[in-house]
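A.B. asks: Residues per chain, in single letters:
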Amino acid sequence: MSAHGKELLLEIKRSNGLPAYNGDRMRKIVNETQQLHLCIVKKMDLKTPEELRDPTVTCSIVVNNATAKRNKRMALAYVNERLNRIKRMWWTRSSILPEDMKHNMSQAEKDFFEGYDKILSAYCQDIDVDLASDMMPPRDHMVQVRILKDYGEVLLRSGQFIDLKRSSVCMLRSDVESLIQRGIAVQLKSG
Amino acid sequence: MEALDEKKNKIADDIDLDKLLPTLSDDEIEDSQNPGEPSVLETLKVAWLNERGSPELLDYEGALVSRVKEELETQQELIEQSSEKKGTALMVRIYQMEIERINFILKSYLRTRLWKMEKHIIHILSTADMVARLSPQEVDFCKKYADLIEKNFNTAFLRHLPEQYSQMTDKDMVVLPNLDEYVFCRANSNIGTISFGVESGETSVSSGDILVASYRPLKELVKNGMLQLI
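Heads up: the protein sequence lines correspond to chains A and B, in order.
Read left to right, the first sequence gives residues 2 to 192 (my numbering).
Read left to right, the second sequence gives residues 100 to 329 (my numbering).
It should be emphasised that the hints constitute simulated quantities derived from the structure, not laboratory data.
The hints are all genuine.
Derived lysine-lysine pairs resembling DSSO-like cross-links, with alpha carbons at most 27 Å apart:
no., chain 1, residue 1, chain 2, residue 2
1, A, Lys103, A, Lys7
2, B, Lys322, B, Lys168
3, A, Lys119, B, Lys215
4, A, Lys48, A, Lys70
5, A, Lys7, B, Lys250
6, A, Lys103, B, Lys250
7, B, Lys168, B, Lys206
8, B, Lys215, B, Lys322
9, B, Lys250, A, Lys29
10, B, Lys215, A, Lys111
11, B, Lys206, A, Lys119
12, B, Lys270, A, Lys29
13, A, Lys29, A, Lys111
14, A, Lys14, B, Lys218
15, B, Lys215, A, Lys14
16, A, Lys7, B, Lys270
17, A, Lys14, B, Lys270
Derived list of chain A stretches under chain B, where covered just means 3 residues or more per stretch with a C-beta under 8 Å from a C-beta of chain B:
no., stretch
18, 28 to 37
19, 100 to 112
20, 122 to 131
In this text, a Cβ means the ideal position worked out from N, Cα and C, and glycines have one as well.
When you get a sec, could you build the whole thing from the sequences and use the hints?
C.D. replies: As structure tokens, then:
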């Protein structure tokens, strides 16, 4: 009983990032819970009040109920932990999902990510503050970054255009933050 | 030699730093306020540290946030005007860094609140006292977020479960903030004795003392500013 739930939780605990959505096990948990529920209903219907007072009957009903609740709790924990990891991606990477992540997400999770992106963007617009930038305390006004791929022209905050090619460049921290988040540039350690 | 001295004097005349750029957190602001009243930056730092240190969501400092945004805008405009003048590059850079630091603190404050709201979403929306601590935009966000989460859980599996188990708001499933969590704090004034219950006894706290204790008995003191979380 509830072995599926335990397997799911172990799977998510042992992994970093986002493993493939285990729809199969989730369905098994749902089935098991439905079975447990049917057991309870059957017992309640068929037994007479005297029989229901028998401790073995009440005990088995209680255990079935507790297992069903435990199944629900484990499934919720699994789904919740995945959602937390998906949310973290929004904050660390930006609102574009990398392809390999998309592959591992269920349709409901993809919808969630889109919805989350929407409500956060609406909130940032409402309060007129861009919450996704300045995630780390600023140490320097300018940073040295290496551009990893030919990205083309980029508009800086000062209004100038700059052509990004594979090379090491010194840039304003605020311009470069979103580039680092999207993996286009990498910060060189200052020294 | 004389030419060099003349040149130095000329530069010194051009750059009258005190008159060039007003500062955000320095003497000018302190002069314009009542002496003893903390600057906008100080108040923001206090709010930020309290919010980060506390296990529960604190009251929204709406007036403070508006003031900070206004001052940041003013400072930014001044910088843009002054960066056209010669010889101000260093000062401009320093003020730019100050803006970035204040920006960071403001955003971190708002983000910390957002993450707490997400974590305790059901508890917050179902307690009137907690809803009162949110700004109108945050209330809007919370409602939309709750809907989003519910939709996701329902689609994933909840709606397939038998009715008794398909609700999201079971009492033992709601995440509550842990008010007994231990926090670090510093006393801003003489508080006297604080009682921590029968087992832990009492401690006497005077101004400047640093204390590690369970958050629950300190809640009210943090709220009225006598204790500062660090």
